[in-house]
Amino acid sequence: MSLRIVVTVKYVPDATGDRHFAEDLTVDRDDVDGLLSELDEYAVEQALQIADEADDAEITVLTVGPEDAKDALRKALSMGAHKAIHVEDDDLHGTDAIGTSLVLAKAIEKAGYDLVISGMASTDGTAGIVPALLAERLGVPQVTLLSEVSVEGGPTGTVKGRRDGDTASEQLEASLPAVVSVTDQSGEARYPSFKGIMAAKKKPVESWDLEDLEIEADEVGLEGSWTKVDTAAERPARTAGTIVKDEGEGGKQLAEFLAGQKFI
Amino acid sequence: MAEVLVYVDHVDGAVRKPTLELLTLARRIGEPVAVALGSGAENTAAVLAEHGAVKVLTHDAAEYADYLVVPKVDALQAAYEAVSAGGSLAAVLVPSSAEGKEIAARLAIRIGSGIITDAVDLEAGDEGPVATQSAFAASFTTKSRVSKGTPVITVKPNSAAVQAAPAAGAVEALAVSFSEKATGTKVTARTPREATGRPELTEAAIVVSGGRGVNGAENFSVIENLADSLGAAVGASRAAVDAGWYPHSNQVGQTGKSVSPQLYIASGISGAIQHRAGMQTSKTIVAINKDAEAPIFDLVDYGVVGDLFEVVPQLTDEIKSRKG
Ligand SMILES: Cc1cc2nc3c(=O)[nH]c(=O)nc-3n(C[C@H](O)[C@H](O)[C@H](O)COP(=O)(O)OP(=O)(O)OC[C@H]3O[C@@H](n4cnc5c(N)ncnc54)[C@H](O)[C@@H]3O)c2cc1C
Ligand SMILES: Cc1cc2nc3c(=O)[nH]c(=O)nc-3n(C[C@H](O)[C@H](O)[C@H](O)COP(=O)(O)OP(=O)(O)OC[C@H]3O[C@@H](n4cnc5c(N)ncnc54)[C@H](O)[C@@H]3O)c2cc1C
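Residue numbers (the working numbering), protein chains in the order written: chain A, 1 to 264; chain B, 1001 to 1324.
Isolated chain A (complex conformation) (with noise of 0.2 Å):
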C-alpha cells in the first residue's frame, strides 16, 4: 500500500518586500510578490526523503490561499511532489488559524492521508499553531516542531523524530496517521532541476472550494473569523542612531555610549 502524505503549504507575501496590511486590516496581497513560505520548502523536502525511504508513496501538496497560491504548488511540484490541491474561494478572505485549520483539515480528509507534513511556521503569520490544530481537528497524534524525521513500516507504521526545546532535546514517537511539522534545522531543501520544473507543468492540480469541501461561508473569512483586528499602525522608523568609524577608539566610544545610558 502506498505511503499517502499530505505537506500543507502556505503562499506567503516575499519577507524581503514591503510587506503591510490592506484597509481591510487583512494581508495586502496585491503590492508585494507572493511565494512558497520558505519554511515549507523544509516540509517539501522531509516529504521527498520520506518518501525515498518508503517502498511506494505518494505526496500531494496542499494551499488554502488566492489564485496565485497556484504558484507556490507549483514550485512545491517542480521539487518532486506528485499532485496538488489548491483550495481556492472568494469566501475564504481574512481567514484566521482556527478557520485555516478547519479548511486544511477537511481537505486533508477528503484527499486521504497517512501522514502530515507541515512547516514549523509561516514567514507572514509565524504563529506556529496549525499543525497542532491539525493534530486536534484530525484527531490524530502531533509529531511537530522536528528538527530529524523518519517513517518505518509504511502506511500503518510509525514516525520517529528529534524535537529541540528549550529546555531539552526529545526523542519522539508516534503511530501513523499523524501530523508532523519540521523545523529549518531538518536539513537544507533541494532546489527544483530544470527537469523538475518541466515536469511539474504537467502534474496534476485540482482546485476545491468550500462547497465540496462542506464548509459553509459563515465559518471562515473575515466574518467568520474568531479573533478581529482592531487596528495596524506601522511602527514609527527608528530615529537614526549615532554611528561611528572606529580609528582605534571605537570600543570606548561605544563603552562611553553604554555608560550614558546606565547599561554599565
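Careful: at least some of the hints might be erroneous.
Once the Cα atoms are required to be at most 30 Å apart in a straight line, the calculated DSS-like pairs of lysine-lysine come out as [said to hold, decoys possible]:
{"no.": "1", "chain 1": "B", "residue 1": "Lys1148", "chain 2": "A", "residue 2": "Lys228"}
{"no.": "2", "chain 1": "B", "residue 1": "Lys1186", "chain 2": "A", "residue 2": "Lys110"}
{"no.": "3", "chain 1": "A", "residue 1": "Lys83", "chain 2": "A", "residue 2": "Lys106"}
{"no.": "4", "chain 1": "A", "residue 1": "Lys245", "chain 2": "B", "residue 2": "Lys1323"}
{"no.": "5", "chain 1": "B", "residue 1": "Lys1186", "chain 2": "A", "residue 2": "Lys106"}
{"no.": "6", "chain 1": "B", "residue 1": "Lys1181", "chain 2": "A", "residue 2": "Lys106"}
{"no.": "7", "chain 1": "B", "residue 1": "Lys1181", "chain 2": "A", "residue 2": "Lys110"}
{"no.": "8", "chain 1": "B", "residue 1": "Lys1320", "chain 2": "A", "residue 2": "Lys245"}
{"no.": "9", "chain 1": "B", "residue 1": "Lys1320", "chain 2": "A", "residue 2": "Lys252"}
{"no.": "10", "chain 1": "B", "residue 1": "Lys1290", "chain 2": "A", "residue 2": "Lys252"}
{"no.": "11", "chain 1": "A", "residue 1": "Lys262", "chain 2": "B", "residue 2": "Lys1283"}
{"no.": "12", "chain 1": "B", "residue 1": "Lys1017", "chain 2": "A", "residue 2": "Lys228"}
{"no.": "13", "chain 1": "A", "residue 1": "Lys262", "chain 2": "B", "residue 2": "Lys1017"}
Because the hints were derived from the structure by calculation, they are not lab data.
Once you have looked at the hints, place chain B with the ligands on chain A.
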C-alpha cells in the same frame, strides 16, 4: 471580578520569568488563577501567590513528561471547565513558547474560542481583552481581540515588567482525566540542555550576539567575554549556527528565539530581515560591523563601523575596568 487562567511554565517547581509577567498582565483584566502541572507543581505556589495568583491549581502525573503536549491540554481544559463553571472567565493566558502556543491552540479549538498568539501587550477593553501584536518582523503593530468564546492569548517573554502583588495563592488539587489521545505521541528519550551559567536568552536584559563575521567557533569566546562582562546572554545569527559555531538554541530570529531585551549588541551580523524579526523590538540596539552599508545600521542607536576583533575586546576591557 472575573477570573483569568494563567498557565504556569516551570522547571521542577522553578517558575520561569515569562509566567510572572503573565500574572502582572492578567491582573489588568481579572483575578489570576494559576495552573501548574507536572513534577514540582506544588512548589510553584509561593512565588505565584507573591505575584497575584488568588488560587493555584496543581496536578502531577507521569503523562506530562512521557507524552507530548496533549496531557497538558487535557489538564488546562479541566481547569477551564472547573473555573468557568464557578463564575466568569475573562481569558486564558499562556506563555508564548513553542509548546505554550501548541497547548493554547488545541485548547482554543476544544473550548470553541479564537486564539491570539505572540501578544506583546494586553489591556482591558469594552469587548474583552485587547492584545497588541508585532507583525511583519516588527514593522507593524496591531491591536486585536478574540471575538468568540473565552479569549485564549499567548504572550511573548519580556512583554511586561514583573510586579509583585501578594494574593492568597491557595493551592487546590486539579482533577484531570486524560483523554484517549493523551498518549498518542511518546517521548522516548530526553536530553536536558546543558546549563551555561548565563541568563536565559529570551529573558535576559542584555543580549550580545555574533554572526558570520565572528568567523569560527573558537572566536565566539570574544562574544562570550563581552557578554560575561555585562551579565548578558549570548545569541547568534543563523549563519553562525549553520556553520556549527554556536548551538541552535542560541539562534536569534524568525526561526530562532525572539528577544526583546533592554540592550542588544550585534557583532558581525548584517541584519537580514529574518534576523531583525527576532530582535527589532529591543529597546536599545548597538552594532559593530566592518561594512558601513550593512542593513543592521538602519536600526541602531549606536553603531561602530570597524573590525569586531578590535572593537569588541576593547569594549570588554573598558567595561571591566569601569566596573572595577
Ligand atoms: C501578521 C499576522 C498576524 C496574525 N495573527 C493571528 C492571530 O493572532 N490569530 C489567528 O487566529 N490568526 C492570525 N493570523 C492569521 C493566520 O496567520 C492565518 O490564518 C494562517 O493561515 C494561519 O496561521 P499562520 O500563518 O501563522 O500559520 P502557522 O501556524 O505559522 O503555519 C504553520 C504551518 O501550517 C501550514 N499552513 C498555514 N496556513 C496555511 C495555508 N493557508 N495553506 C496551507 N498550509 C498552511 C504550513 O505548513 C505552515 O508552515 C495572522 C496573520 C498575520 C499575517
Ligand atoms: C526561512 C528563513 C529563516 C531564517 N531565520 C533566521 C533566523 O532566525 N536568524 C537569523 O539570524 N537568520 C535567519 N535566516 C538567515 C538570514 O536570511 C541571513 O542569512 C542571516 O541572518 C545572516 O547571518 P549573518 O548576519 O551572521 O551573516 P552575513 O549576512 O554574512 O553577515 C555577516 C556580517 O559580518 C560582517 N563582518 C564580517 N567580518 C567582520 C569583522 N571582522 N568585523 C565586523 N564585521 C564583520 C560583514 O560585513 C557582514 O555584514 C533565515 C533565512 C530564511 C530563508
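Output the indices of the hints that this structure fails to meet, ascending.
none
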